[in-house]
Each structure stands twice: as structure tokens, then as C-alpha cells.
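Trainee: Protein chains in written order, with numbering that gives the first Met the number 0: chain A, 0 to 584; chain B, 0 to 222; chain C, 0 to 269.
Worth double-checking, as some hints may not be accurate.
To be verified - The list that follows gives simulated cross-link-like pairs (lysine-lysine, DSSO-like), each with its CA atoms no further than 30 Å apart:
#, chain 1, residue 1, chain 2, residue 2
1, A, Lys397, C, Lys110
2, C, Lys203, B, Lys72
3, A, Lys73, A, Lys351
These are calculated hints, taken from the structure and not from any lab test.
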Amino acid sequence: MTDTTNTYVKTASLEERRSLQKKRYASERKFKYLGLGAILVSLGFLVMLLMTIVGNGIPAFTYNYVKLPIDLTKVDPEKPEKANYGKFVKSAIADAIPYMSDRKGKRLARGLVSGGAAIDVRNQVVGDVSMAGQNADVEVPVSDFADLYLKGLTAKPILTKPDAAIKVSDVEGDVDVTLSAAVFDEFLARVKETISSEASRLNTRMANLQLSLDNQREIAANSQDTLAVESAKKSITSLEAQLAGFKTKFDALIVRRNNTAAREVLDTSMPSLLLKVGGGVVKITEVEGMSAKGEVIIPLEQKEASAGEWQMQEILEAEENRKFSDKEVAVVDRLVAEGRIENRLNTIFFKKGASREPELAGIWGAVVGSFFTMIITLALSFPLGVAAAIYLEEFAPKNKFTSIIEVNINNLAAVPSIVFGLLGLAVFLNFFELPRSAPLVGGMVLALMTLPTIIIASRAALKAVPPSIREAALGVGASKIQAVFHHVLPLAMPGILTGTIIGMAQALGETAPLLMIGMVAFVVDVPAGIFDPATVLPVQIYMWADFPEPGFQQKTAAAIMVLLGFLILMNAIAVLLRKKFERRW
Amino acid sequence: MSEHTVTAFDEDLNFVVAKISEMGGNAESMVARSVKALVTADIGLGQSVVADDKILDALQQEIDDHILLLIAKRQPMAMDLREVVGALRMASDLERIGDLGKNIARRAFQIEDNLPPKKLLRGLQHLTNVSLEQLKDALDAYAAKDVVKAREIWDRDDEIDSLYTSLFRELLTYMMEDPRNITYCTHLLFCAKNIERIGDHVTNLAETIHFMVVGSYDIASED
Amino acid sequence: MDAMNTKRQEDAVNKMVQNEIKMSGKDVCVSYGEKQALFDVNLDIPAKQVTALIGPSGCGKSTFLRCLNRMNDTIDICKVSGDIRLDDQDIYDHDIDVVELRARVGMVFQKPNPFPKSIFENVGYGPKIHGLVRSKSDLEEVVVKSLQRAGLFEEIKDRLHEPGTGLSGGQQQRLCIARAIAVSPEVILMDEPCSALDPIATAKVEELIDELRENYTIVIVTHSMQQAARVSQQTAMFHLGKLVEVDETDTIFTNPSNQKTQDYITGRYG
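Could you build the full structure based on these sequences and the hints that come with them?
Mentor: Printed below as a string of C-alpha cells:
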């Protein structure tokens with residue numbers, strides 16, 4: 000006893016131990032802050048992602064509609080679907096926008112209304128036959144570019160009320176504009192700025208050209224290879240020509256920039272300037288401090304206006320860089336001023352299936368498709384997965400065969416999902432000849448993909464049930480099946496359900512395997528059953544993201560929001576189910 | 000015998016054994032001195048015996064307390080339990096032996112000078128020697144946990160009984176011979192009775208030792 | 000001394016023969032895969048008495064206990080040989096229904112393990128699955144009676160439909176005992192029933208065991224020597240898979256004949 004107390008090894012002094020402790024605490028603190036930092040960074044990214052998606056998606060939930068006075072007197076109430084609505088809409092547009100009377104103008108005006116307007120009107124009339132035979136104000140969707148402009152997503156005009164009187168030489172055609180003060184100076188300066196930035200851009204390009212020119216010259220001078228020298232010489236001539244062209248342009252730009260007071264011609268690469276004078280719109284083509292030349296877009300009623308009674312509308316984005324011309328801006332602004340345009344909930348988006356026209360494309364087809372697919376997936380994978388888990392966990396003998404099965408199930412969870420798509424294509428479509436693009440097949444493929452997740456989660460949940468519960472049940476004489484179904488399974492249920500819903504959420508967001516079985520097809524109709532061709536939300540998003548129209552970019556974000564909404568809903572259900580089952584005890 | 004997993008348990012038991020041995024030694028010396036005080040009428044020696052009884056009582060108290068604590072703390076089982084219970088019994092037997100020694104010593108105060116003839120004392124001294132020998136053997140047997148020796152002690156109790164009977168008769172004869180001897184002989188008679196009682200306590204000790212080791216009081220039936 | 004011990008053993012056996020033998024094991028060997036856990040155990044369990052199985056951890060006492068109602072069947076690698084009889088019927092016989100056997104030989108476990116259901120459902124589960132009751136009122140009667148026998152009814156009569164897991168540890172264990180006796184078993188096996196309980200709960204369970212002895216044959220595995228001494232009439236000492244000594248409890252704890260037992264109960268083991 001006594002010698003044990005004496006055999007203490009001489010250890011570090013108190014000071015040494017204290018400094019060691021300090022180091023330990025410091026490293027603990029460091030680790031804590033590191034973890035906190037990691038969480039903050041990931042939170043930041045998450046917020047950024049959500050903000051981008053929400054910011055892009057929110058506008059798509061509303062849409063702008065234009066009220067057109069459509070003459071429906073010729074519609075037969077017995078057969079409302081037979082009438083030529085295209086013609087009605089066309090003339091209604093002409094009536095609503097009378098100032099666009101020439102052919103070009105009429106086409107422009109028609110372009111502002113959705114191409115599906117006629118169908119929309121027909122649907123409305125068929126839905127409400129009382130409209131037939133009357134003159135009715137019918138709301139039809141505007142075109143997608145008009146909608147984007149109205150939401151401020153293409154160009155943001157700057158409206159000012161200049162402090163000067165204005166005089167326009169004529170009410171239509173090419174006009175001269177004279178002002179009482181030099182209010183155009185500011186705009187002119189902005190134009191010069193554009194010229195200057197254009198010049199500097201040109202300069203950089205010239206420098207790059209010069210570099211490659213030098214390069215080619217060196218090759219031509221030094222290379223042994225005659226072929227290379229030949230081609231270099233060729234490119235030298237072309238480069239020199241290009242460079243000379245740029246040089247002339249550049250010089251011209253510089254002259255224009257330096258000549259600050261000079262009159263400037265506005266082409267489509269320059270900012271636009273529209274004047275709203277006396278009930279009409281003048282588009283400026285040449286500008287000076289106090290005077291300008293312009294072109295009347297919407298005829299004027301008065302040729303003169305005093306300070307504060309007319310407006311100047313600047314659009315900094317060059318006309319050639321946007322898909323919405325100055326004329327269209329003027330007309331849409333006029334329609335807004337007339338109160339014909341209304342922004343309201345985008346019912347088409349929530350009620351319709353896919354379409355090539357962004358303003359007519361809806362998410363409903365994909366939602367229904369997803370719903371049917373998920374029903375099939377759940378109906379197949381839940382009972383199969385839970386049954387497999389129960390068998391493996393509770394009944395299967397522990398031998399080589401079952402352990403091979405176990406390993407395979409675990410590996411299956413890591414198989415890329417597109418492989419399941421290939422399997423579905425080969426087995427369900429080619430062998431069993433089930434219909435292509437159908438939610439039935441999609442659900443079957445996703446069920447295959449979800450099964451391992453459900454089996455693994457269910458097994459973990461079953462394993463987590465304390466063995467004492469099984470023993471208790473067996474101890475009072477319950478059979479193995481009774482013990483499992485009366486006691487073990489109810490306790491494992493929250494875990495199983497969580498696993499299932501996680502698997503379902505994964506399936507809901509899956510695209511790749513569905514591409515293989517044709518669910519990427521362009522399906523306009525909303526599917527009515529599990530055998531109808533359909534698409535699902537993520538595939539719809541994938542397709543929309545691929546479309547070039549800017550209208551679809553919003554739709555994509557909005558569809559992502561809908562998908563996220565469903566995922567959040569499913570997770571909330573998972574949490575609720577957990578709570579409900581756990582609260583029992 | 001292997002040791003306990005808890006070494007403190009062993010220490011506790013060893014302490015009890017040591018204390019019992021100490022008590023045994025004290026009791027033995029008290030009896031020896033008391034008889035000597037009686038036969039030599041040495042009042043001083045008698046007083047020292049009376050004083051020693053207090054020490055013996057204190058020792059017994061100490062053993063009792065220790066065993067109480069030991070039972071509470073260790074909950075002894077089987078042989079340990081027997082040993083502890085046996086120790087309690089032995090302590091009380093030894094305390095009684097000490098008391099008897101004290102009684103003998105008290106008689107020395109009353110005898111004063113009128114000493115009887117030597118031959119009267121010889122029988123008593125023999126009885127005392129045999130009893131003390133038994134006590135000593137019992138203590139040895141306890142220390143060695145020797146069942147055989149314990150049974151020998153138990154067997155020899157008859158010897159003390161017969162010695163006492165013959166001494167009784169002898170003293171009775173003296174008293175009848177000369178009535179002046181009666182007072183003194185009565186004292187001697189009581190003294191002999193006390194020593195015979197000591198012998199009985201020693202028998203108890205032997206039985207207790209047997210119980211400790213074998214687990215039964217049935218010392219006689221093992222032939 | 001050896002002669003003496005054998006004589007005493009014989010006496011003890013003779014005494015036990017006077018009691019009816021409820022269960023008996025003959026040459027019971029158990030092995031888990033390669034490892035043998037029990038070697039030729041011969042043990043008779045007298046009816047309406049408490050038999051305590053003691054011994055150091057891993058000595059096979061729990062294994063033996065679990066053989067008595069075939070709880071070891073749930074372990075794949077467990078092999079039992081020898082002869083275990085309940086009322087002279089081999090319980091490992093092919094035509095013995097394990098479910099019925101477990102109804103006759105109930106079990107209470109080390110950790111109180113009530114089902115995460117109401118107290119009523121806990122006790123009523125056994126009678127329900129064995130079809131012991133015909134009506135709801137019968138079931139209620141059985142539940143109440145079992146709880147009363149387990150000495151729990153007075154404490155929880157207002158909480159019959161609250162979860163059994165909400166009771167205290169001791170109450171839970173008595174609930175488990177009530178659950179076991181609800182199917183009217185003949186034998187109750189208890190595997191360290193008090194090892195997770197505080198002394199007061201332990202005392203209550205021990206009191207209960209003492210009362211149950213009137214109607215049931217009880218086999219209890221315990222690590223507490225004092226408990227074995229308190230509640231049992233017969234004690235069997237296991238060591239390294241072998242039955243070392245079996246005797247009346249009073250003898251085992253005052254004067255065991257086997258050195259291993261002596262060492263174990265006096266705390267000299269290991």
C-alpha cells in the first residue's frame with residue numbers, strides 16, 4: 000500500500016500543466032468558432048440561394064392582363080367554340096390601339112398580346128356563354144415580353160418632368176423639337192458616356208487584335224514551316240483589315256466624344272429618349288442641348304406644352320440590346336395610362352399544363368404528374384420496403400446469404416439514379432411494354448430507387464427498438480409475429496415514416512431516371528390517370544430552364560419554389576407524424 | 000484460506016481475533032492472580048485484579064462495537080458470519096471469566112490473616128492450574144482454528160468437574176472436623192465453584208470455536 | 000469433513016423430495032456457437048418455493064434460467080441439450096408449443112420493461128393473446144386481480160389508462176410481475192428483478208415475491224447474496240457454467256459445504 004504512493008512519477012510542474020491547459024482550452028475555443036463559422040457560411044449560402052430563387056420566382060406568380068373590347072356579337076351561343084376568335088381579337092387590338100394603323104404598327108400591336116389570347120377568349124366564352132352575342136371587355140394575357148417590361152425586368156425607363164416649355168413642329172411624321180431651356184444636356188452627356196465606354200471597349204479589342212497580329216507576324220518572319228508562314232500571312236492581311244476598320248470607328252467615336260456640344264444622332268446602340276407631349280409620344284433621333292429631331296410614335300394632339308406638362312422618358316438600355324422596342328414601350332405605357340392593363344394572380348401558371356408560349360405555360364400538369372408518380376412510388380416502395388426490413392431484421396437467419404443481401408441493399412442506395420432509369424427503360428418499357436412517359440412507369444422506377452433508402456431507414460428504426468420490448472412480449476407468450484407487429488413495429492414507426500418521407504422527397508426531386516423512360520416529353524394536357532403521358536416537377540423545371548425565352552426563366556424559378564414548397568410540406572408531414580406517434584407515450 | 004477481495008474486511012476480522020486473544024490473556028492472568036491473592040491473602044494483588052476487570056469490560060465493549068460496525072458494513076456471510084458471531088460469544092464468555100476472577104479476588108479481602116493449612120490450598124491450586132491450562136489451550140485453539148484441540152478441551156471438562164467434586168468433599172470434611180474452619184472453607188468452596196464455572200466457560204469457548212470452524216455446536220456427536 | 004458434507008447434502012435432498020418437484024433439469028448443456036456456457040447441470044426446482052440462482056457474472060445462471068422457458072430459442076446460435084422437464088414433460092419436445100410454455104412459465108426481466116402502452120394494456124396483453132378472457136369485463140377482472148396480486152393496484156388504480164412507462168422503477172417492475180401473473184403461469188422466472196431498483200422498491204418486490212410463493216413456483220437469479228438469503232428457500236450456486244452446490248438457503252448462507260460457494264458468498268472470489 001505504502002509503496003504505491005511513493006511510485007508516483009515526477010510529473011510536469013503546475014505552471015507547465017497550466018500552460019498546457021490553456022492551450023487545450025484555446026484549441027477547444029478555436030474548434031467551436033470554426034464550427035460556428037461553418038454553420039454561418041452555409042446559412043449564408045442557403046439564404047442567398049433562397050433569395051435568388053424567391054426573387055426570380057415571385058414575379059411569375061402574377062401576370063399582366065390587358066382588357067380588350069371584343070365584339071362577340073357574331074358568336075353563336077349554341078356553338079360558342081366554333082367562332083373565329085382570332086379575328087375578333089385582331090380587330091379588338093386594332094380598336095384598342097388605333098394609333099398603330101400601318102401594317103408594321105398593327106403587327107407590333109398584335110405582338111403585345113399573347114399569341115394564345117384567341118384560345119383564352121374562346122375558353123372564357125365557352126365557360127360563360129352569356130358573353131356570346133355581346134360586346135364585352137375581355138381580359139387576355141399580354142405577351143411575355145410586355146409582361147417582363149411591365150414587371151420592370153427588361154428596361155427601366157426614367158421619367159422626368161423637365162423645367163422647360165416644348166414646341167413640336169408637327170403632330171405626326173418626322174418632327175423638329177425645340178425647347179425653352181437646354182434640358183437635353185444631361186441626356187447628351189449620358190450619350191457621350193456611352194460613346195466613350197464604347198470607344199474604350201473598342202480600344203481593348205484593338206489591343207487584343209494587335210497582340211495576335213504581332214504574334215502572326217513573328218510566325219511569318221521566323222517560322223521554318225512554309226505552310227504556317229502562308230496561313231500566318233493570310234491572317235495578317237485579314238487582321239490588318241479588321242484593325243483598320245476598328246481604327247476608323249474608334250477615331251470617329253473619339254471625335255464624337257470630344258465634341259461635347261455637337262448634335263448627336265441616336266442609333267439603336269444608344270440610350271433611347273421618348274417625349275410624352277400633348278397626348279402623343281415622340282421618339283428622339285437627333286439631339287442637341289435645346290433642340291432635337293424626332294419621329295412621332297403616337298400622334299400628338301397639341302404641338303406645344305409648357306414646363307411640367309410634358310414628360311421625358313429615358314431608357315438607358317440600348318434598343319438593340321433589349322427585346323422590347325421603344326415603340327412597344329410607348330404603346331404599353333399608353334395602355335397602362337388608359338387603365339387597360341391589370342396585374343393579378345397568374346391563374347394560368349397554376350391551372351395549365353406545359354406550353355411553348357411562356358405566358359401560357361403552367362405548372363399544374365407537372366404537379367399532377369408528380370402526384371400520380373408519388374402515389375405509385377409510395378404504394379410500391381413503402382409496403383415492400385417495410386416488409387423487407389422486417390424480414391431481414393427480425394426473421395431472417397444470420398448467414399452468408401442474408402449478409403450478401405444486406406450488402407447489396409446498402410450498395411443499391413449508392414447506385415446513380417440514372418441506372419434505375421436504364422433499368423426501367425429495359426424492363427418496364429421494352430420488356431413489359433408499359434406505356435412510355437406514364438406516371439405508372441415513373442413511379443415504378445422511383446420506387447426501385449427509393450426502396451433501399453426505406454429498407455435501410457426501417458431497419459435502423461427496428462434495430463433502435465430496445466430488445467427488452469421484444470423479450471417482454473415473448474416473455475408473456477407472444478409469438479414472434481405478434482411481438483413484431485404489436486410492439487416492435489409501432490415503436491419503429493416514426494423512424495420508418497421519417498425514412499420513407501425522406502425517400503419520397505428524394506424521389507420527388509429526381510429527374511435523371513425519368514428522362515430515360517420518356518417523362519421528359521412535351522405534354523400539354525394535364526394527365527388524368529396513371530397511364531396518361533405526363534411529366535413531373537423537376538423534369539418540368541429542367542425543360543423550362545432549357546428554353547431560351549426570358550419568360551421561362553421566371554417560370555423556372557417559380558416552379559422551383561413550388562417544388563421546394565412540396566418538399567417543405569413533406570418534411571413538415573414527416574415531423575408531424577413523428578410527433579404524433581411519439582406523443583402517444 | 001484465501002483473502003477477501005476487500006482487504007479491509009480481513010483487517011477488521013484480524014482486529015477482532017487480536018482483541019479476543021488480548022481479552023483471553025487478560026482473563027487468564029486475572030484468574031491466576033486472584034487465586035494467588037486468595038491463598039497468600041495478598042490484598043494488594045486482589046485489588047489489582049478488581050481494577051483489571053474494568054479493562055476487560057472495556058475490551059469487551061470495544062469488540063462489541065467493532066463487530067456491530069463490521070456487520071453493518073460488510074454483511075458477513077457463512078464462515079465470516081460464524082466467526083463474527085463466535086467472537087461475540089467468546090468475548091462475553093471471557094468477560095464472565097474475568098468477573099469470576101474478580102469474585103475470587105474479593106474473597107481475599109475477607110480472609111485477612113487467618114490462613115488455613117497449606118494442604119487445604121493445594122487442591123484448589125491444582126484445580127486452578129488445570130482450568131487455566133484449559134483456558135490457555137482454548138485460546139491457542141482459537142488462534143489456530145483447531146477443531147481437534149477444541150474437542151480435547153471439551154472432553155477434559157469432566158476432569159475439572161471431578162476435581163471440583165473431590166475438593167468439595169475434602170473441604171466438607173475439614174469443616175466437620177473443626178467448626179472454626181467453616182468461614183474460611185466456605186470462601187474456598189465458593190472460590191472452587193467459581194473456578195469450576197470458569198471451566199464451564201472454557202467449554203463454551205471450545206464449542207464456539209467448533210461452531211466457527213465447522214458450523215455446528217454439536218461437538219460431541221463427531222466420533 | 001467430506002463425509003459429513005455428503006451426508007448433509009443427502010439430508011437436504013431428502014428434505015426436498017418431500018416437496019413436489021415442479022421443474023427439473025437433467026444433464027443440461029448449453030452452448031453459444033463454439034462456446035459452451037453450461038455443463039451438465041442437474042437441478043430440481045421444488046413447487047411453490049423460491050429457488051435462487053447465484054454465482055459470479057458469466058457463470059451461466061441466467062442462461063439456465065432462460066432455458067426454463069426457452070427464451071434462448073430467440074438466439075440463433077444457442078444449442079440446448081439434456082432434459083428439462085415441467086411437470087414431467089420435456090419442454091424441448093417437438094410437440095411442445097413455445098407460446099403455451101411461456102404462458103405457463105412467465106418471466107420478469109432485469110430492467111423493468113413495460114410496453115409503451117397503458118398499464119391496463121400492459122397487463123391485459125397476455126390474457127388477450129392467449130384467449131384467456133371472453134369478454135371485456137373478464138379482462139378487466141383479470142387485470143385488476145393481477146395488479147392486486149402484484150401489490151400495485153392500490154397505488155395506481157386511478158391511472159390504469161396512463162402509460163406504464165410513466166411509473167417509478169419499482170412500480171414498473173411490479174407492473175411487469177403483474178403482467179407475468181396475468182396469464183396465470185405456474186412458474187415465474189425472474190432475472191435479477193431488483194438490480195435496477197432502489198432499496199425501498201427492492202424491499203417491496205421482495206415482499207411481493209414472498210407472497211407470490213404461496214401460489215407460484217419462483218426461480219430468481221440475483222447478484223445480491225442478501226436478497227437470495229432473504230427471499231429464497233433453495234439456493235443453487237453456479238460457477239463457470241457448472242452447478243457447484245445446491246442446498247437449502249439457510250444452510251448455504253451460514254455453512255456452505257463447497258469451497259467455491261464459501262469463497263463467493265463471503266466475498267473472497269476472484
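Trainee: Which earlier hints turn out false for this structure, listed by number in ascending order?
Mentor: none
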